[in-house]
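A.B. asks: Residues per chain are reported as follows:
Protein chains: 2
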Amino acid sequence: MSNPRLRPAAGTPGRYSYDGLDRILHEKARLGIMTCLLTRPQGLLFNELKHLCALTDGNLSRHLDVLREAGLIEIHKAFQARRPQTTVTLTPFGRQRFRDYLDELERVIRDAQTCPGADPRTQPAPTGTSWLPI
Amino acid sequence: MSNPRLRPAAGTPGRYSYDGLDRILHEKARLGIMTCLLTRPQGLLFNELKHLCALTDGNLSRHLDVLREAGLIEIHKAFQARRPQTTVTLTPFGRQRFRDYLDELERVIRDAQTCPGADPRTQPAPTGTSWLPI
Numbered sequence: 011m012s013n014p015r016l017r018p019a020a021g022t023p024g025r026y027s028y029d030g031l032d033r034i035l036h037e038k039a040r041l042g043i044m045t046c047l048l049t050r051p052q053g054l055l056f057n058e059l060k061h062l063c064a065l066t067d068g069n070l071s072r073h074l075d076v077l078r079e080a081g082l083i084e085i086h087k088a089f090q091a092r093r094p095q096t097t098v099t100l101t102p103f104g105r106q107r108f109r110d111y112l113d114e115l116e117r118v119i120r121d122a123q124t125c126p127g128a129d130p131r132t133q134p135a136p137t138g139t140s141w142l143p144i
Numbered sequence: 011m012s013n014p015r016l017r018p019a020a021g022t023p024g025r026y027s028y029d030g031l032d033r034i035l036h037e038k039a040r041l042g043i044m045t046c047l048l049t050r051p052q053g054l055l056f057n058e059l060k061h062l063c064a065l066t067d068g069n070l071s072r073h074l075d076v077l078r079e080a081g082l083i084e085i086h087k088a089f090q091a092r093r094p095q096t097t098v099t100l101t102p103f104g105r106q107r108f109r110d111y112l113d114e115l116e117r118v119i120r121d122a123q124t125c126p127g128a129d130p131r132t133q134p135a136p137t138g139t140s141w142l143p144i
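Respectively, the protein sequence lines represent chains A and B. Mapping of the first sequence onto the working numbering: residues 11 to 144, in sequence order. Mapping of the second sequence onto the working numbering: residues 11 to 144, in sequence order.
In case anyone wonders, no lab produced these hints; they're calculated from the structure. Note that this is a predicted model, so its numbers are computed, not measured. Please note: incorrect hints may appear among the correct ones.
Here are the simulated SDA-like cross-link-like pairs (lysine to any residue), alpha carbons at most 20 Å apart as the crow flies [unchecked claim]: (1) A:K38 - B:K87; (2) B:K38 - A:F89; (3) A:K60 - B:I34; (4) A:K38 - B:R117; (5) A:K87 - A:S71; (6) B:K38 - A:K87; (7) B:K87 - B:G68; (8) A:K38 - B:T22; (9) A:K60 - B:T96; (10) A:K60 - B:L31; (11) A:K38 - A:R72; (12) A:K38 - B:G68; (13) B:K38 - A:K60; (14) A:K38 - B:I119; (15) A:K38 - B:A64; (16) B:K38 - A:D113; (17) B:K38 - A:G30; (18) B:K38 - A:Q123.
Make the full structure from the sequences, and use the hints.
C.D. replies: Right under this line is the structure:
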């Protein structure tokens, strides 16, 4: 390598592989569901969760299935005034796993703020750019 | 709803949808690549990036293609001592987009720490759990 400016200051192999971001929790909708549940230890009703995460019935059901199969949440079905009511809560295992995941997210943010030489997040923002959601 | 404990304190619809986590940047390997590049404004050589992110040649190439097609990175190919050398840098647009993405990640972490009633991240961790990567 001839250009020392291109050499990373602390170039540990795999330094940026973020293995703690497991696929089940890192999926955007499930990340929202888990955050929502983490902050409500008593659990949430299916419809509350659906509105808070802006998901359809079908999408929420599919994501809850994935989380339940991984042992991260529990689903409790009951009747309230003759109407079915589904309550979703985190399992202790899910709570611990999600905490570990959040620790890894915090590491990403810290890494992004640690620039060899200068902090890129303090550089002026470029102008004239726009972004169309994909 | 009959159980007030299940009602969210601030239940804005879509509060946890995290629309700012766009799919291109949220993918784990690309998140590592972008973090790595953000902290090295002069760019990185392909092989450095490969080692830092613990990716194979093929995987890194595929992810770089996705990022380049979205206008987030630039790839510069040159020869150094008769050997081909590929340098990857963020575009100003990519830098701004990734900053916005990181702001949304920080919002997830703040949300996870904001519990109606109690902070679940300060609760004791459950014991006897284990996690097998999936």
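A.B. asks: Next step is simple, just say for each hint if it's right about the structure.
C.D. replies: Hints, one by one, checked against the model:
Pair hint K38 (chain A) plus K87 (chain B) does not hold up; C-alpha atoms about 34 Å apart against a cutoff of 20 Å. At roughly 40 Å between alpha-carbon atoms, K38 (chain B) and F89 (chain A) are farther apart than 20 Å, so this suggested pair is violated. Only pairs whose Cα atoms come within 20 Å are accepted, and K60 (chain A) paired with I34 (chain B) is rejected, the gap being roughly 24 Å. Distance hint between K38 (chain A) and R117 (chain B) is fulfilled; the C-alpha atoms sit about 13 Å from each other, no more than 20 Å.
Pair hint K87 (chain A) plus S71 (chain A) holds up; C-alpha atoms about 13 Å apart against a cutoff of 20 Å. Of the supplied pair hints, the one linking K38 (chain B) and K87 (chain A) is violated, its CA atoms being roughly 34 Å apart against a limit of 20 Å. The straight-line distance between the Cα atoms of K87 (chain B) and G68 (chain B) is roughly 17 Å, inside the 20 Å bound, and the hint therefore holds. In summary, the hint linking K38 (chain A) to T22 (chain B) is supported, as the alpha carbons are separated by about 18 Å, within the 20 Å threshold.
Restraint check: the Cα-Cα separation between K60 (chain A) and T96 (chain B) comes to about 46 Å, which exceeds 20 Å; the hinted pair is violated. Between K60 (chain A) and L31 (chain B) the alpha-carbon distance is near 18 Å, which keeps this suggested pair within the 20 Å criterion. For the given pair, K38 (chain A) sits about 13 Å from R72 (chain A) by alpha-carbon distance, which is consistent with the 20 Å threshold. A C-alpha spacing of about 25 Å is found between K38 (chain A) and G68 (chain B), which places the hinted pair above 20 Å, so the restraint is violated.
Distance hint between K38 (chain B) and K60 (chain A) is unfulfilled; the C-alpha atoms sit about 25 Å from each other, more than 20 Å. Distance hint between K38 (chain A) and I119 (chain B) is fulfilled; the C-alpha atoms sit about 13 Å from each other, no more than 20 Å. As the CA atoms of K38 (chain A) and A64 (chain B) are separated by approximately 23 Å, the hinted pair breaks the 20 Å bound. For a cut-off of 20 Å, the pair hint linking K38 (chain B) to D113 (chain A) stands: about 15 Å separates their Cα positions.
As the CA atoms of K38 (chain B) and G30 (chain A) are separated by approximately 10 Å, the hinted pair is consistent with the 20 Å bound. Among the hinted pairs, K38 (chain B) with Q123 (chain A) is consistent with the structure: their alpha-carbon atoms are about 18 Å apart, no more than 20 Å.
Checked against the numbered hints listed earlier, the structure breaks hints 1, 2, 3, 6, 9, 12, 13, 15; every other hint is satisfied.
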